[in-house]
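Colleague: Given the structure of chain A, go ahead and fit chain B onto it with the hints provided.
Top line first, the protein sequences correspond to chains A and B. Residue numbers 1 to 116, in the working numbering, belong to the letters of the first sequence in order. Residue numbers 117 to 230, in the working numbering, belong to the letters of the second sequence in order.
Honestly, the hints are just simulated from the structure, not real lab data. Check each hint, because a few of them may be wrong.
Said to hold, decoys possible - Pair ranges (Cβ atoms, derived): (1) A:L39 x B:A117: 15 to 25 angstroms; (2) A:A53 x B:K194: 35 to 45 angstroms; (3) A:P61 x B:S190: 24 to 34 angstroms; (4) A:Q54 x B:S146: 23 to 33 angstroms; (5) B:S128 x A:T76: 33 to 43 angstroms; (6) B:S196 x A:G16: 45 to 55 angstroms; (7) A:R9 x B:L200: 21 to 31 angstroms; (8) A:K78 x B:S158: 24 to 34 angstroms; (9) A:K78 x B:L200: 33 to 43 angstroms.
We treat Cβ as the ideally placed atom computed from N, Cα and C, and that holds for glycine.
The lines below spell out each chain.
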Amino acid sequence: GAGVSQSPRYKVAKRGQDVALRCDPISGHVSLFWYQQALGQGPEFLTYFQNEAQLDKSGLPSDRFFAERPEGSVSTLKIQRTQQEDSAVYLCASSLVEGALSDTQYFGPGTRLTVL
Amino acid sequence: AQTVTQSQPEMSVQEAETVTLSCTYDTSESDYYLFWYKQPPSRQMILVIRQEAYKQQNATENRFSVNFQKAAKSFSLKISDSQLGDAAMYFCAYKWGSQGNLIFGKGTKLSVKP
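Bound-form chain B, shown alone:
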């Protein structure tokens, strides 16, 4: 069965600093997608970044980048120049197959200190 594990329930970062959130997953599939979603206190999930398993190059979106290690089944999120608005729950998610429902980790609560 596919599983997603986020081992850091909470993380804290100083404003303008860099933080890395960890995610590992387990799958026997060869083609799949990985995602990081942000869920602010208002609860609406927002897509931060995504990565296709077949792509070697790590995805980047402005201050957000991933370190995708396919052999190790690791997919960490790096947030550079952290801002107060980055404070939220961050969920790592996995998707495979033709249907495409997401499998989520338990999340990491990120706090940003001014």
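Bound-form chain A, shown alone:
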């Protein structure tokens, strides 16, 4: 079946603009994660959903970042009033079950956000 998809693949925003990044997880996957990957770094956790419930948002760097998954499938990461330090690749991952340590996360191709 189809893997995790993300759109857009590339986004250029002027500082101060709002952006919305979309993630389509693998169908039927309960868990969904967002990660931020700065240039030359490993991904860092932003937030986690179990179905439509956002169970952990401890990694969101500021209150300008907001994520939702209203129907337990597609998720959107929104960044308000973008700043240059928000420039990064935003990765989405999904996994089949909830709370299973052994469960594998499948990643999307990411959205590269550049803030000018």
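Modeller: Same frame as chain A, now just chain B:
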């Protein structure tokens, strides 16, 4: 706090040769998983291999194997018979607890020379 350290920013290997990528981690947890992910230039992360902390036996997946030293908190990846398609960023990652978000190292860029 849990951390993952990859001390080799870049590595190079000749095609058909063997290379080992290093990873150490710090944790006070007893049950956790360790992973190696590959990220080619297209950016999509692909799982290479994983290891459960409770398993003594080192995981293997075809040409990929790990050397898991739990007491030393070390988790290295060995790639045998390296191929040009192995060239990528390799990330070591750690997962624990019921939620399961991954903690990544900074990555090692592997180049394969023909």
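Colleague: Hint by hint, say whether it matches the structure.
Modeller: Verification of the supplied hints:
1. A:L39 x B:A117: 15 to 25 angstroms: 23 angstroms, holds
2. A:A53 x B:K194: 35 to 45 angstroms: 40 angstroms, holds
3. A:P61 x B:S190: 24 to 34 angstroms: Because 31 angstroms falls inside the window, the suggested range holds.
4. A:Q54 x B:S146: 23 to 33 angstroms: 28 angstroms, holds
5. B:S128 x A:T76: 33 to 43 angstroms: For S128 of chain B and T76 of chain A the Cβ distance comes to about 40 angstroms; the hint holds.
6. B:S196 x A:G16: 45 to 55 angstroms: 51 angstroms, holds
7. A:R9 x B:L200: 21 to 31 angstroms: For L200 of chain B against R9 of chain A, whose Cβ atoms are near 25 angstroms apart, the range 21 to 31 angstroms holds.
8. A:K78 x B:S158: 24 to 34 angstroms: At 25 angstroms between Cβs, range holds.
9. A:K78 x B:L200: 33 to 43 angstroms: 40 angstroms, holds
The earlier numbered hints are all upheld by this structure, with none contradicted.
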